[in-house]
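*Asks:* Model the full structure from these sequences, guided by the hints.
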Amino acid sequence: GAGVSQSPRYKVAKRGQDVALRCDPISGHVSLFWYQQALGQGPEFLTYFQNEAQLDKSGLPSDRFFAERPEGSVSTLKIQRTQQEDSAVYLCASSETAGGMRNIQYFGAGTRLSVL
Amino acid sequence: GQQVMQIPQYQHVQEGEDFTTYCNSSTTLSNIQWYKQRPGGHPVFLIQLVKSGEVKKQKRLTFQFGEAKKNSSLHITATQTTDVGTYFCAGRGFNKFYFGSGTKLNVKP
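The listed protein sequences derive, respectively, from chains A and B. Heads up, the final residue of the first sequence is numbered 121 in my numbering, and it's a clean run with no missing numbers. Heads up, the final residue of the second sequence is numbered 89 in my numbering, and it's a clean run with no missing numbers.
There could be a bad hint or two in this list.
[As the list claims (entries may be wrong)] Below, a list of computed lysine-lysine pairs in the DSS-like style, where the Cα atoms sit at most 30 angstroms apart:
id : chain 1 : residue 1 : chain 2 : residue 2
1  : A       : K16       : B       : K16
2  : B       : K16       : A       : K62
3  : B       : K31       : A       : K62
4  : B       : K39       : B       : K50
5  : A       : K83       : B       : K16
6  : B       : K36       : B       : K76
7  : B       : K84       : B       : K37
8  : A       : K83       : B       : K76
9  : A       : K16       : B       : K76
10 : B       : K84       : A       : K16
11 : A       : K62       : B       : K50
12 : B       : K76       : A       : K62
13 : B       : K31       : B       : K84
Quick caveat, the hints were computed from the structure, so don't treat them as lab data.
*Replies:* The structure is reproduced here in structure tokens:
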């Protein structure tokens, strides 16, 4: 596709519900990042994939958060038993390679999650 | 852990005035990137700095990377209303980027 696509754009969940957020990166991009952005803050790193391998998940706040990229393309971020503190915008970014001069991150529009 | 601090948090300027935002890291960075996020939008890449002491210019924007690769700055000359938004630096660590908290720029016409 032309850019990084995220769905849904908005998600309202009741506390305790499970949610799944989808990211469709730019075709052929090796690296994929998930970030959490609270209101008025910078994006906070959650996890990083290089192709299908999850190389870093140190930013996931708890074991309720799980991410996968089984075929090295589309990725899903799943949050189980959502809590109010999970309310934020979840951003996905992809980049062409893992390093060097082509690791510019292209961000999707994000999914705004509101947990009631 | 590694942190990237960014100041100021907010800056209000009159159109035509200059603007600068500063980024400081607790550790040496392999590179640093700058992004702009318009209200309601997503971060958009502006530039990447890699070399110690590097200076890059994009029209009215000047980006610097410190000699020790721990700090960086973005300077906008003669701001315009189209410069409104939040500017983030992002320092590259191993397998991840550390974003600053951003500087929100408001430009009064």
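*Asks:* Next step is simple, just say for each hint if it's right about the structure.
*Replies:* Evaluated hints:
Taking the CA atoms of A:K16 and B:K16, the gap is near 25 angstroms; set against the 30 angstroms cutoff, the hint holds. With a C-alpha separation of about 25 angstroms, the suggested pairing of B:K16 with A:K62 holds against the 30 angstroms cut-off. With a CA separation close to 28 angstroms, the supplied pair B:K31 and A:K62 stays within the 30 angstroms bound. Our distance criterion of 30 angstroms between C-alpha atoms is met by B:K39 and B:K50, whose separation comes to about 25 angstroms.
The straight-line distance between the Cα atoms of A:K83 and B:K16 is roughly 28 angstroms, inside the 30 angstroms bound, and the hint therefore holds. Between the alpha carbons of B:K36 and B:K76 the distance comes to roughly 23 angstroms, so the proposed pair stays at or under 30 angstroms and holds. Between the alpha carbons of B:K84 and B:K37 the distance comes to roughly 21 angstroms, so the proposed pair stays at or under 30 angstroms and holds. A distance of roughly 20 angstroms separates the Cα atoms of A:K83 and B:K76; the hinted pair therefore holds under the 30 angstroms criterion.
For the proposed pair A:K16 and B:K76, the alpha carbon gap of about 26 angstroms is at most 30 angstroms, so the pair holds. Restraint check: the Cα-Cα separation between B:K84 and A:K16 comes to about 26 angstroms, which is no more than 30 angstroms; the hinted pair holds. For the hint linking A:K62 to B:K50, the alpha-carbon distance of about 25 angstroms falls within 30 angstroms, and the restraint holds. Restraint check: the Cα-Cα separation between B:K76 and A:K62 comes to about 10 angstroms, which is no more than 30 angstroms; the hinted pair holds.
For a cut-off of 30 angstroms, the pair hint linking B:K31 to B:K84 stands: about 27 angstroms separates their Cα positions.
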